[in-house]
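Novice: Residue numbers (the numbering used here), protein chains in the order written: chain A, 1 to 263; chain B, 1001 to 1309.
Everything hinted at is true.
With a Cα cut of at most 27 Å, we get these calculated DSSO-like pairs of lysine-lysine:
hint: 1; chain 1: B; residue 1: 1154; chain 2: A; residue 2: 26
hint: 2; chain 1: A; residue 1: 173; chain 2: B; residue 2: 1268
hint: 3; chain 1: A; residue 1: 202; chain 2: B; residue 2: 1268
Derived from the structure by calculation, the hints contain no laboratory data.
Bear in mind the structure is a predicted one, so any value in this text is a computation, not a measurement.
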Amino acid sequence: MTDKLLDVRGLKVDFLTAHGLFTAVKGVDFSIGRGEVLGLAGESGSGKSTIALALMRLHRPPAIISEGSITLDGEDVLAMSPERLRKWRWSSVSMVFQSAMNSLNPVLTIFEQFRDVIVRHTGVSTAEARARASELLALIGIPQSRLDDYPHQLSGGMRQRVVLAIALALEPKLIIMDEPTTALDVVVQREILQEIVELKRKFGFSILFITHDLALMGQFADRIAIMLEGKLVEVAPSAELIANPQHDYTRRLWSSMPLLTRD
Amino acid sequence: MQQIVSELLRIEGATKIFHMKPMLGAAHEVVALNNISLSIRPGKALAVVGESGSGKSTLGRAVARLFQLSSGSISFKGRDIAGMRSRADKLDYLRSVQMVFQDPFSALNPAHTIRHHLERPLMLHRKLRGTDLGKAVEEVCADVELDPKVTLEKYPHELSGGQRQRVNLARALAVGAELIIADEPTSMLDVSIRRSVLDLMRRMKETRSITFLYITHDIATAQFIADDIAIMYAGQVVEWGPPNLVISNPQHPYTKLLLSAVPDPKVKLDGTGARSFASEAQAVRALARKVVNTIEEVQPGHFVRRIEA
Ligand SMILES: Nc1ncnc2c1ncn2[C@@H]1O[C@H](COP(=O)(O)OP(=O)(O)OP(=O)(O)O)[C@@H](O)[C@H]1O
Ligand SMILES: Nc1ncnc2c1ncn2[C@@H]1O[C@H](COP(=O)(O)OP(=O)(O)OP(=O)(O)O)[C@@H](O)[C@H]1O
Ligand SMILES: [Mg+2]
Ligand SMILES: [Mg+2]
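Let the hints inform the model, and build the full structure from the sequences given.
Specialist: Structure (structure tokens):
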């Protein structure tokens, strides 16, 4: 692909633990094109979330990026100043965290969580932020009467949708989604993913999509990367990876899924 | 006098209304459970599947006696759980009914080893001490296929999600649970691990006669483990019965919609049909929100709330 948005080369992430150095990500290379959805699947503990956090430079000690480069839209992410990072996060790249439903601040209402992100980055008035928040809630199918509710008053799936809407708020170029729909029923999941496909077409952002749900991955991703113990073992266009998996581990993953039988 | 009942759990007309008084905006009510009646026989699994926000977790929490119903009743072995007032009765119920949650970490105390997590209930509920205690700990580990040698001295954060969920199930066994309410127990786990936790639950059911209330979004896993399935929408159970009957012959529009949305890896979501799917979903939701009291038995054991066209 010539028009790359994100390019990652030789990325290595280490954890300094009590038992010594543990390399969670062992030198991975991948890129994501403009408007492309790259799926990332793999064993629990293989380093998917670690990659996601490193891309946004949200990794925290004991994690360190010890080698490699990350380039987003021509900009060297690892060289950014703290100031640049603050502005860049959420407006250029945003993230829906794993167990996002628990990542909302319990003492703020839903509107206040939107306001924090929208006002901080755009400086619009509270009234404008409220209008924008209502619009985003409508997009994810939550009545705007719930805007002043606290997170614990919403079901798990509703909270998850709120987090997705916040990630979309500033129309970033790349959205990292770490298990974004695990807490949702399949109908809402389908609606949201189709909505995202549409928004993506309109705004042209790219997505790094992490999930354990391989069937969903096949539906949503353009290409799929399979991770095992800190390395990418297979990267291929979705249809190819499903029809003709090359790596043993990929084959094992596919065969362990309980599938719905309809008769 | 002990009444003979064929059901371990019976939910009868259960209704729960939350009253919300936000600081801004008008006070409103959320009817989280609307006249729900379901039952589970001992050693069987009932799966509750449905729209996010339809009241599945609220139902689980009501059974766990975490709050009082607005109306209706829940009885366990023929006794109304709201009527259990003595300390001994309540403790006995809390022992018999255990919850396992989606996030395998949330129920474990990060400051204690796995051994501590398993020993405490065995000491408390079965009054075990010394070598008997040690043996019982090893037994529950074996039951959930955790290697005691490598697991017991570890802390929760040193285990993988699947291992943590096994610890949660082991703990339910240790207290002597008869009914386990499992609220999305595998949705945060790997596909490969997910399968092994499901196998484990099925085995607990089949060999130990543990009864399950299994709450999930994943209808394929419901089919894998459950003897009955209940489809929920907006606080109502709209269709219920044996999984194969419901899945092969869905009657309610919401059940049909749900089945049509199960991801098929071979069908790419390209945005085409997005509008028609969304508007179909909206139409079905509007229909399904209506309170319907006409119940029809489609096939023996397979019921639907029949919406008049
Ligand atoms: N704070 C930490 N200290 C030490 N090791 C850590 C820390 N956080 C993560 N790790 C280790 O790094 C590895 C990669 O973890 P990561 O969370 O990226 O996995 P993952 O692929 O996202 O797994 P999952 O599918 O379960 O979310 C794991 O072996 C994990 O134990
Ligand atoms: N403590 C509460 N206060 C107010 N409303 C609540 C409370 N708990 C739940 N609700 C509301 O009750 C409804 C049902 O919530 P519940 O958590 O049972 O849904 P669910 O079916 O488990 O959804 P999910 O699949 O998303 O977990 C939702 O509208 C929710 O907002
Ligand atoms: Mg992760
Ligand atoms: Mg729930």
